[in-house]
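Please arrange chains B and C with the ligands on chain A, whose structure you already have, making use of the hints.
The primary structure of each chain is shown beneath.
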Amino acid sequence: MDKKRKALCLGVLILIILIIPLFIKDEYYLHILVMSGIWIISALSLNLILGYAGQLNLAQGTFFGIGAYATGLLMQKMGLSFWAALPLGCLLTATIGFVTGLPTLRTRGHYFPIATMCLGIAIYYVIARWDDVTGGARGLFGLPRPDPIVIPFLGTISFESTASCYYLVSFLVFITIVVIHRLITSLSGKRLIAIRGNEDLAQALGINTMRDKVICFTISTFFAGLAGGVFASYMGSLMAENAHFVTSFEMLLNVMIGGVGTIIGPIIGAIFLPLLSEELHFLGGWRLVVYGLILILTIRFLPFGIVGGIRTALAKRHDKRGV
Amino acid sequence: MGILLQTLINGIMLGSVYAMVALGLTLIYGILNVPNFVHGTLYMIGAYIAYFAIVSFGAPYWVGLIVSLIILFAIGILLERIVFRPFYDKPLINSFIVAVGLILVLENTALSLWGPEFRQFAAPSDKVIKVMGVMITAQRIIVIVTAAVLIWLVHLFIKKTRLGSAIEATSQNPDGALLMGINISHMRGITFGIGTALAAVAAVLVGPILLIYPAMGHTVIGMAFVIIIIGGMGSFIGAVLGGYIIGILETLVTSYITNFFTEAIIFGLLVLLLAVRPTGLFGKPH
Amino acid sequence: MDEYILEVRNLTKYFGGLKAIDNVSFKINRGEIYSIIGPNGAGKTTLFNMITGFIPPTEGEIFFQGQKINGLKPYQIARLGIGRTFQLTTLFMQNTVLENLLIGQKQTREFPVFHSIMSVKRRRVSQSEAVERAHAVAEFIGLGTFKNTMAAILPHGAQKQLSIGLALSGDPDLILLDEPLGGVDMDEIDMIIELIKKIRDEGKTICLIEHKMRVVMNISDRILALSYGKKLVEDLPEVVASNEDVIASYLGDRYAARG
Ligand SMILES: Nc1ncnc2c1ncn2[C@@H]1O[C@H](COP(=O)(O)OP(=O)(O)OP(=O)(O)O)[C@@H](O)[C@H]1O
Ligand SMILES: [Mg+2]
Chain A
1 MDKKRKALCL
11 GVLILIILII
21 PLFIKDEYYL
31 HILVMSGIWI
41 ISALSLNLIL
51 GYAGQLNLAQ
61 GTFFGIGAYA
71 TGLLMQKMGL
81 SFWAALPLGC
91 LLTATIGFVT
101 GLPTLRTRGH
111 YFPIATMCLG
121 IAIYYVIARW
131 DDVTGGARGL
141 FGLPRPDPIV
151 IPFLGTISFE
161 STASCYYLVS
171 FLVFITIVVI
181 HRLITSLSGK
191 RLIAIRGNED
201 LAQALGINTM
211 RDKVICFTIS
221 TFFAGLAGGV
231 FASYMGSLMA
241 ENAHFVTSFE
251 MLLNVMIGGV
261 GTIIGPIIGA
271 IFLPLLSEEL
281 HFLGGWRLVV
291 YGLILILTIR
301 FLPFGIVGGI
311 RTALAKRHDK
321 RGV
Chain B
324 MGILLQTLIN
334 GIMLGSVYAM
344 VALGLTLIYG
354 ILNVPNFVHG
364 TLYMIGAYIA
374 YFAIVSFGAP
384 YWVGLIVSLI
394 ILFAIGILLE
404 RIVFRPFYDK
414 PLINSFIVAV
424 GLILVLENTA
434 LSLWGPEFRQ
444 FAAPSDKVIK
454 VMGVMITAQR
464 IIVIVTAAVL
474 IWLVHLFIKK
484 TRLGSAIEAT
494 SQNPDGALLM
504 GINISHMRGI
514 TFGIGTALAA
524 VAAVLVGPIL
534 LIYPAMGHTV
544 IGMAFVIIII
554 GGMGSFIGAV
564 LGGYIIGILE
574 TLVTSYITNF
584 FTEAIIFGLL
594 VLLLAVRPTG
604 LFGKPH
Chain C
610 MDEYILEVRN
620 LTKYFGGLKA
630 IDNVSFKINR
640 GEIYSIIGPN
650 GAGKTTLFNM
660 ITGFIPPTEG
670 EIFFQGQKIN
680 GLKPYQIARL
690 GIGRTFQLTT
700 LFMQNTVLEN
710 LLIGQKQTRE
720 FPVFHSIMSV
730 KRRRVSQSEA
740 VERAHAVAEF
750 IGLGTFKNTM
760 AAILPHGAQK
770 QLSIGLALSG
780 DPDLILLDEP
790 LGGVDMDEID
800 MIIELIKKIR
810 DEGKTICLIE
820 HKMRVVMNIS
830 DRILALSYGK
840 KLVEDLPEVV
850 ASNEDVIASY
860 LGDRYAARG
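Chains as they are written, first to last, in my numbering: chain A, 1 to 323; chain B, 324 to 609; chain C, 610 to 868.
With the rest of the complex left out, here is chain A:
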């Protein structure tokens, strides 16, 4: 595809995303789209560390939770505006990511998922038991939506409606995609792929793998925190469970089913699964059982998810035509 056609496709896509709210009259579906946006950001964050640097971080949901609680508490307890609380919340998450990444990323192989699982449990317990600050097991309620933005002479943008939140989330998704895309298509991104491929070889080639892993981990937790912060303000309430396995699982599902190690995969996963979730609503709690089965079958038969499946199918067709 040449550059012009690519730009055109991108333009059309952005236009469609911009006008969607005009056609979706059912608030509920718009709500699902907002949630998809939040899941896209978090899935891309996990995909950066898992799909590119090859490190299965089982605490990613916990970083989502840290971002959510930090943003929520900064608004509620410190009275900060959402626009200050969100970046501070992300920075705090990334700082905790940096500090905890230093020890955990020293481990390799089996030990990293175990170490991050333990990290996740430790932080979860701090959130769940620190009643005075986090509300403990009761959760955190009454978190405000983003404050209205006043634009001189033009009026104010309020974020009470679902549509306005949709635009806000879409914008943040856009930023996330641009940053992560630039990172992984650069020479730095090649280093991450090298670490995923073979860490010893990467070191023998002069790559400071520890440093790159820590940077990647920190960036990835930053975006997990971003998704969490938006989630907190949009939903208005938080439970300690948001900072636990449940969220990590959700991210992992989106990434693996969409296609790990690609940008489009996690996006597809994060749009497809919430929609599927709606269709499967009648299943109640069994829905997650179905998800678990889907996850197992995906790894077994489509290790690169939907995107990988499509690629293989296309390659086959291509081969056939070639003959």
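Simulated from the structure, these hints should not be mistaken for lab results. Quick reminder that beta carbons are idealized off the backbone N, C-alpha and C, glycines included. Be a bit skeptical, because a hint or two may be false.
Result set (DSS-like, lysine-lysine): computed pairs, CA atoms no more than 30 Å apart in a straight line [claimed, not checked]:
1. C:Lys628 - B:Lys413
2. C:Lys756 - A:Lys4
3. A:Lys316 - C:Lys756
4. A:Lys4 - C:Lys730
5. C:Lys840 - C:Lys628
6. A:Lys77 - A:Lys316
7. C:Lys715 - C:Lys756
8. C:Lys715 - A:Lys3
9. C:Lys715 - C:Lys628
10. A:Lys3 - C:Lys756
11. C:Lys730 - A:Lys3
12. C:Lys628 - A:Lys320
13. A:Lys6 - C:Lys756
A few chain C residues that don't get close to chain A, going by computed Cβ distances all over 12 Å [to be verified]:
14. Tyr613
15. Tyr684
16. Gln716
17. Glu719
18. Arg732
19. Glu738
20. Asp796
21. Ile828
Covered by chain C, per the in silico footprint, the following chain A stretches (three or more residues, Cβ under 8 Å) [to be verified]:
22. 180-188
23. 195-205
For chains B and C with the ligands alone, coordinates are given in the frame of chain A:
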């Protein structure tokens, strides 16, 4: 003094549970070379099976325990065969994620079938024994003794049977079993079964003391990983000793220092330990 | 500048109770092909692992271009100018030949993440420099026609060539090759030997571990023979070949079997 003794006995009891769960985990790790994240979930399933045998079918406690042991042994063998086996020659990360998928399936099945509420079944004896001025329920003694006996039995199995020594040889040196002419996949299944059954028995033993609910395995599995990392992944003695030590330590911290952040402290310490020794306390450098 | 590019002084390595390397010293001259031979388990790979920082020595020192390098991390040593291959062919299997060689470039290992995200021009310039160099290396190692082939599906000989290419790609002064001919077919051997000579002619120093005696005797300027971690002799090929200890511990069966 009385309180300290009481605390120690509670610690040994908790340690018995940890030792059994960690022993199962370490056996499985030694043979299959996968950290079995599903272990804690199977522990939970074991508790529920005994619960239904005892409460719904009116079986005596010990029958419930045996039923749970047998069923979980079978489930372990089945899971190894159907779920894990296709992934041995695939990248490590795939079997991790499959384990995560299995947790989703099992835990939410439990949640949907049996609800989130706490359950409990009665102990086989509600006697209270008085030792050196301390009151101890009989169930605590039962937990401690049964665990010790079972751990001893597993030890005998490994030392005295052909299959057992093949398991030991394989976990120390993956080519060992091939040399002894033992069928590897057979051995993997049996080990997975034994490990799972150990977790189930541990859960049934503490069933009357702790509560049964779908998420009950989360902290236990975390602790079990802490233990086998400290004791050396794949090490029998490390898992057992580590189990008792962590159990006693946790109880001491809970009663004398803080009730609230015990888990956070223990898991936090493990992360720090890994920072200093990235391959575990007794692990080989890669 | 020093005459020696690498100097190993009284190096010893214990693995638990096993003495894998026992008080070994040697110097490698600039521009030569220096070979290390010895039976299986003699400690050759362990020596490479210590020189490149993957394993810390128990005792002794290593100097590269006059600078002490033991204690440095593997990536720091690589950046000083030592490239290496691994005994088991190690590549980025899921990537193409060109991507493999791109990863090895100096520009790749040092390009800051910040510029990757924020800058436009710097990013483009470094990237095109690196890609250009990767193409050049691919041609140099003779894999010009395989540039877009995934490493995993290359024939074994080509994989060995690529692993040498990776060791070369950061433009090091010293290259450590661990059995570059291991498992390679007869018709591919000559190609790799030519490649090794070509690298030497570029002015680079080569340290070679190899079991194929005839090749070693032909190609090397000097040879170090190890046995059970100890240095037996270090001398010109013909001297080493006629050394009794060497013949007893090593050449006896090898020469006869593989000659
Ligand atoms: N990481 C390690 N831990 C423990 N022992 C090791 C380790 N690496 C090597 N050894 C032991 O050190 C000795 C030397 O091994 P090394 O791999 O250096 O031999 P080598 O000369 O390269 O042999 P080969 O020709 O088979 O490649 C062997 O006995 C080996 O088992
Ligand atoms: Mg070797």
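Given pair status - B:Lys413, C:Lys628, alpha carbons within 30 Å: With Cα atoms ~35 Å apart, C:Lys628 and B:Lys413 exceed 30 Å; violated.
Assertion that C:Asp796 lies outside the chain A interface [Cβ separation over 12 Å]: holds, 27 Å
Holds or violated: C:Lys840 to C:Lys628, with C-alpha atoms at most 30 Å apart: OK: C:Lys840 and C:Lys628 at ~13 Å, within 30 Å.
12 Å cut-off, C-beta based - C:Gln716 kept clear of every residue in chain A: Violated, because the least Cβ-Cβ distance between C:Gln716 and chain A comes to about 6 Å, which does not exceed 12 Å.
Given coverage of the region 180-188 of chain A by chain C, checked by CB-CB distance under 8 Å (3 or more): holds (count 5)
Agreement of A:Lys77 and A:Lys316 with the hint, judged by alpha carbon distance not exceeding 30 Å: Measuring from Cα to Cα gives roughly 58 Å; hence the hint is violated.
Given hint C:Lys756 paired with C:Lys715 - CA-CA distance at most 30 Å: holds, 19 Å
Restraint check for C:Lys730 with A:Lys3, where alpha carbons must lie at most 30 Å apart: holds, 18 Å
Hint consistency between C:Lys715 and A:Lys3 [alpha-carbon to alpha-carbon, up to 30 Å]: Given pair C:Lys715, A:Lys3 holds - Cα atoms ~29 Å apart, limit 30 Å.
12 Å Cβ clearance of C:Arg732 from chain A: The claim breaks: C:Arg732 does not keep its Cβ more than 12 Å from every Cβ of chain A (closest is about 6 Å).
Beyond 12 Å from each Cβ of chain A, as asserted for C:Tyr684: About 5 Å separates C:Tyr684 from the closest Cβ of chain A, which leaves it inside 12 Å; violated.
Holds or violated: A:Lys3 to C:Lys756, with C-alpha atoms at most 30 Å apart: holds, 24 Å
The structure fails to meet hints 1, 6, 9, 12, 15, 16, 17, 18, 19 from the earlier list, while all remaining hints are met.
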